[in-house]
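> Can you make the complete structure from the sequences, with help from the hints?
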Amino acid sequence: MTKTIHIKLNKKFYSIAALALFLIGALIFSLVYFGVYNVSALTGHTTPVYKFLEHARIQAVDARIDDEVPDLSTFNWQTSGIANYKRHCVACHGAPGVAPEPFSLGMMPPPSAIVRVARQRSPAELFWVIENGIKMSGMPAWKYRLSDDEQWELVALLKKLPTLSKSEYAQLAQKSTGTGSNKAIKDIISQTPEEQALAKPTSTQQSAGEALSGQVAMQQYNCSSCHVIDGIASATYHVGPPLNNMVNRRFIAGTLPTTRENLIQWIMNPPHFKPQSLMPNLHVKRHHAEIMVDYLYQIADDNQSY
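Residue numbers (the UniProt record's numbering): 1 to 306.
None of these hints come from the bench; they were simulated from the model. Don't be surprised by glycine CBs; every beta carbon is placed ideally from N, CA and C. Treat the hints with care, since some could be wrong.
Said to hold, decoys possible - Across the chosen pairs, the derived CB separations fall in these ranges:
hint: 1; residue 1: 260; residue 2: 233; range: 23 to 29 Å
hint: 2; residue 1: 120; residue 2: 34; range: 35 to 41 Å
hint: 3; residue 1: 241; residue 2: 25; range: 37 to 43 Å
Put into structure tokens, the structure is as follows:
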């Protein structure tokens, strides 16, 4: 008798819980479908949404970080680290005595206060966020743009920032001008496609780690903003042709015969081969272009198999 009552109570509890979840889901769907939830960045997120996003970020990072951290004192944060921070980070996060750019002040969610972040988060957490970015914010992933050493230089700098005065940061920032990775970036941009073709990954480990990441590379270079690409979610409207069967076309943009090497060269610098092309030079690295082309061949094979 007692067991029967217990089973009935369990069934009633699960039925009520399922109904409650259904009603909550229906409410959220209605708020979105009928445009009740305001997406305007003028109003910001509601407290529940903000807390949900923050909790999701914390849990996701904690579940994925690697606790193995190199000795930060061995990284050149004083020149190369600050040079990259000035180029990529200060516009959104600011620095001691340096305000973020006006556009970042209206971002939702707003970029974190860098000194607070540097104090509260471990080096492993900082590296993960720098490398992977946060898709629910404006924080980009730097995996395909900066080497591991450059990312660790930024981590080392971030851990030092809370101890720097306004004048100390200004002095270091001034010294870093024209040095470190900024020069390396300028050198790469000025290279011809032939010179870029000789560029290889800085380490075999990096090359192996990216061997199966063509899909991610195409996402990180924002190819899907202009092209339909299988396996990559994107906007509804596009300005360029779909790439799903690109490798089986006779010519690339009506200019180059379609071969693997020509596709790589085209991705690296389209205006070099067709100056009037609307496709800009995104300064795609050689090994990134290679895995992107590999992915184009993969999705073309998948399409032909159906």
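> Are the hints correct? Go through all of them and say.
Here is what the structure says about each hint:
1. 260 / 233: 23 to 29 Å: holds, 26 Å
2. 120 / 34: 35 to 41 Å: Since the Cβ atoms of residue 120 and residue 34 sit about 39 Å apart, the hinted range of 35 to 41 Å holds.
3. 241 / 25: 37 to 43 Å: Given a distance of about 38 Å, which is inside 37 to 43 Å, the answer is holds.
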